[in-house]
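Engineer: Each chain, letter by letter, is given below.
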Amino acid sequence: MEATSRTFKDNARRALVEPDLQQALARMKAGFVVNRAAAVGRLPEFDALRDEARAIKNHTLAHLDFYLERFEQMVTAQGGHVHWCRTAEEARRTILEICRSVGAKVVTKGKSMIGEEIAINDYLAANGITPVETDLGEYIIQLRHEPPSHIIAPAIHVTKKQVADSFYATHTNLDASRKLEEPRALVDEARAMLRQRYLDADVGITGANFLIAETGSTVIVTNEGNGDLTQTLPKIHIVTASLEKIVPTLEDASTILRVLARSATGQEFSAYTTFSTGPRRAEDLDGPGQFHVVLLDNGRSALLGTELQDILRCIRCGACMNHCPVYGAVGGHAYGWVYPGPMGAVLTPTLIGVEEASDLPNASTFCGRCEEVCPMHIPLPKLMRHYRERAFDKGLTPPLPRLALALWAFLAQRPRLYQALTAIKIRVLGALGRRRGRFRKIPFAGGWTRHRDMPAPEGRTFQRMWDEAGGAR
Amino acid sequence: MSAAREQILATIRRARGRDGDDATFHAAAEQRLRQPPRGTIPARVDRPPAALIELFVEQALALSATVDRVASAADVPAAVAAFLARENLPATLRAAPSPEIEALPWQDRPALTVTYGRSDGQDEVSLTPAFAAVAETGTLMLRAGPDHPTTLNFLPDTHIVVLRASRVVGPYEDGWAWLREAGAMPRAVNFVSGPSRTADIEQTIQLGAHGPRRLHIVLVEDGDGR
Numbered sequence: 198m199e200a201t202s203r204t205f206k207d208n209a210r211r212a213l214v215e216p217d218l219q220q221a222l223a224r225m226k227a228g229f230v231v232n233r234a235a236a237v238g239r240l241p242e243f244d245a246l247r248d249e250a251r252a253i254k255n256h257t258l259a260h261l262d263f264y265l266e267r268f269e270q271m272v273t274a275q276g277g278h279v280h281w282c283r284t285a286e287e288a289r290r291t292i293l294e295i296c297r298s299v300g301a302k303v304v305t306k307g308k309s310m311i312g313e314e315i316a317i318n319d320y321l322a323a324n325g326i327t328p329v330e331t332d333l334g335e336y337i338i339q340l341r342h343e344p345p346s347h348i349i350a351p352a353i354h355v356t357k358k359q360v361a362d363s364f365y366a367t368h369t370n371l372d373a374s375r376k377l378e379e380p381r382a383l384v385d386e387a388r389a390m391l392r393q394r395y396l397d398a399d400v401g402i403t404g405a406n407f408l409i410a411e412t413g414s415t416v417i418v419t420n421e422g423n424g425d426l427t428q429t430l431p432k433i434h435i436v437t438a439s440l441e442k443i444v445p446t447l448e449d450a451s452t453i454l455r456v457l458a459r460s461a462t463g464q465e466f467s468a469y470t471t472f473s474t475g476p477r478r479a480e481d482l483d484g485p486g487q488f489h490v491v492l493l494d495n496g497r498s499a500l501l502g503t504e505l506q507d508i509l510r511c512i513r514c515g516a517c518m519n520h521c522p523v524y525g526a527v528g529g530h531a532y533g534w535v536y537p538g539p540m541g542a543v544l545t546p547t548l549i550g551v552e553e554a555s556d557l558p559n560a561s562t563f564c565g566r567c568e569e570v571c572p573m574h575i576p577l578p579k580l581m582r583h584y585r586e587r588a589f590d591k592g593l594t595p596p597l598p599r600l601a602l603a604l605w606a607f608l609a610q611r612p613r614l615y616q617a618l619t620a621i622k623i624r625v626l627g628a629l630g631r632r633r634g635r636f637r638k639i640p641f642a643g644g645w646t647r648h649r650d651m652p653a654p655e656g657r658t659f660q661r662m663w664d665e666a667g668g669a670r
Numbered sequence: 007m008s009a010a011r012e013q014i015l016a017t018i019r020r021a022r023g024r025d026g027d028d029a030t031f032h033a034a035a036e037q038r039l040r041q042p043p044r045g046t047i048p049a050r051v052d053r054p055p056a057a058l059i060e061l062f063v064e065q066a067l068a069l070s071a072t073v074d075r076v077a078s079a080a081d082v083p084a085a086v087a088a089f090l091a092r093e094n095l096p097a098t099l100r101a102a103p104s105p106e107i108e109a110l111p112w113q114d115r116p117a118l119t120v121t122y123g124r125s126d127g128q129d130e131v132s133l134t135p136a137f138a139a140v141a142e143t144g145t146l147m148l149r150a151g152p153d154h155p156t157t158l159n160f161l162p163d164t165h166i167v168v169l170r171a172s173r174v175v176g177p178y179e180d181g182w183a184w185l186r187e188a189g190a191m192p193r194a195v196n197f198v199s200g201p202s203r204t205a206d207i208e209q210t211i212q213l214g215a216h217g218p219r220r221l222h223i224v225l226v227e228d229g230d231g232r
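Protein chains in written order, with this note's numbering: chain A, 198 to 670; chain B, 7 to 232.
In isolation and in its complexed conformation, chain A is listed as follows:
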């Protein structure tokens, strides 16, 4: 997919005045945020589990080579295959080869962020294979030719009226005068349309929430049941997963599962959590004849041992974006690539380059809610700050902020001058703003005052008051 992260500011400006999107985002706050808080409230052990979940992933990352090799051994021992892929291109080619080996014409897909990251749908379509998304949200955005706007609710920006319009336009074999006003009717129609697709597909592609080193299992966590139909019915099951999805044992997965659904949708546990281990066995009556794991690196191994390693603990629950005031105002598409919100602001520059995405780490007030709700304790503001520094070092920051920062740095290193100047500034601004108590415009700060007023200072600087109160230096 073509990234539009470079034009984040324009994307955001447009999103802010999009009425359907604003309505959808308001619903999200009422849904995900309230439900998560309730689910966390019902589990007194939640914080202890978060700490353990973090420790499990840190341990796993420290022994990543060991666990990946064990995982591969176990998959192979059960008749499956692991394909190591350095890049998105290698992963796409691998998947295409597997599909071609059985002359696949139709491929069903469960929801997978790796599928989005490597843009597998466009690639398969360009090579004469029809990809069919089966998760309802993914199906809707596939019909609309759009990327997902949320990592667990890909069509969260779409209204039911828009879904109905897409269905009328696509399902042309059905009665054109049928009623599609209620979500129930839409769900039933999608269910009926996709039923035959599951049975026709030659290959089913899913993602993975976890890979289990101990058993060579892959795990999907879903609510609709589409992922299970996708991986059970076709001849071949392909799992696309990035390498940091690995955990050592079934117990470790269980610990992290306890915080996953609660953080994501506020459910205690998702409707379906499935552990798949290899292809169908000799006596089995169903299941895929082949089991392939496409294990994607795409720059992740290079994060190990760096300041950015913590992002590899991410379990893709979406809590950070659900609680982010910036995501809540502009939605996911403004971020311009596959991963939106705070985790996207860290992952996008990592995966497509800070040059392409230097605005994203700036799309944060550093309010800290993302870190507060992250079930894996990822210090997202710190990681975003790191990318801000990297963008500054690379000269990607625009001239005016650079000049302002240079000026501030000059003064900050000269405390007497700094104090003298701020004392003057406070006095002048205080006098100028006495009448209204606020400023509508400030020279050189038009960007800041365009959307809010600057309160006028009243009185003295903090330093002065500190001294007067006898505060210690």
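Don't take every hint at face value.
Stated by the list, open to error - Label pairs and their computed distance ranges (CB to CB): (1) B:113 <-> A:362: 53 to 63 Å; (2) B:186 <-> A:486: 20 to 30 Å; (3) A:381 <-> B:37: 45 to 55 Å; (4) B:22 <-> A:656: 49 to 59 Å; (5) B:184 <-> A:239: 34 to 44 Å; (6) A:226 <-> B:113: 18 to 28 Å; (7) B:184 <-> A:241: 55 to 65 Å; (8) B:227 <-> A:238: 24 to 34 Å; (9) A:379 <-> B:103: 33 to 43 Å; (10) B:53 <-> A:366: 33 to 43 Å.
No lab work stands behind these hints: they were computed from the structure. Cβ atoms here follow ideal geometry from the backbone N, Cα and C, with glycine treated the same way.
Please arrange chain B on chain A, whose structure you already have, making use of the hints.
Structural biologist: Positioned in the frame of chain A, the structure of chain B alone reads:
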């Protein structure tokens, strides 16, 4: 792609900034796989077996599953027939070819047609056993195998599960312990919590997305067999 494999592993090892004796370094990891440690188990499952069964039922009902309780396995066919009649469903079942299901006295209900095998998508109602059930979240643990085709869990509109009360555990970890005792990891382990659902259209919950619209549990109170 073995070049890719070697390069990825080399990057990981280089990042750790040490080389040489991997065996010593990975001893802790080896140990973790040999004896998987348990994390914190929620206190809500810290109760006697009879109370765990009540917790399971309470949680399953909260997930929009339905539960019938019968005194013994012999009562299952009558309970299933009554459920089908109540819900206006056809008296035809596609059942898992498991000894536990086959041994039920279906002959007592001649109006019920029971066939065994996988589902091809044409069956309205399926019937399967459960390997275990997790009281913590009202979750069924289903084990795929020749005696339990996975398609039965997902294709039919209505999924009926026969669960023996003695198979109710507290946390997931107790289910894993039983599974390890039973032998190798099966091809699929399906944890099922209520019927299929979606909130992808305007965040309104709809049951029956792609999997079953109804999940009905027939709980056989067979005493605490443990």
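Engineer: Hint by hint, say whether it matches the structure.
Structural biologist: These are the hints, each one checked on the structure:
1. B:113 <-> A:362: 53 to 63 Å: Holds: the Cβ-Cβ distance is about 54 Å, inside 53 to 63 Å.
2. B:186 <-> A:486: 20 to 30 Å: holds, 27 Å
3. A:381 <-> B:37: 45 to 55 Å: holds, 52 Å
4. B:22 <-> A:656: 49 to 59 Å: With a Cβ separation near 55 Å, residue 22 of chain B and residue 656 of chain A satisfy 49 to 59 Å, so the hint holds.
5. B:184 <-> A:239: 34 to 44 Å: The hinted range 34 to 44 Å is violated for residue 184 of chain B and residue 239 of chain A, with Cβ atoms some 26 Å apart.
6. A:226 <-> B:113: 18 to 28 Å: violated, 57 Å
7. B:184 <-> A:241: 55 to 65 Å: violated, 27 Å
8. B:227 <-> A:238: 24 to 34 Å: holds, 33 Å
9. A:379 <-> B:103: 33 to 43 Å: holds, 40 Å
10. B:53 <-> A:366: 33 to 43 Å: violated, 54 Å
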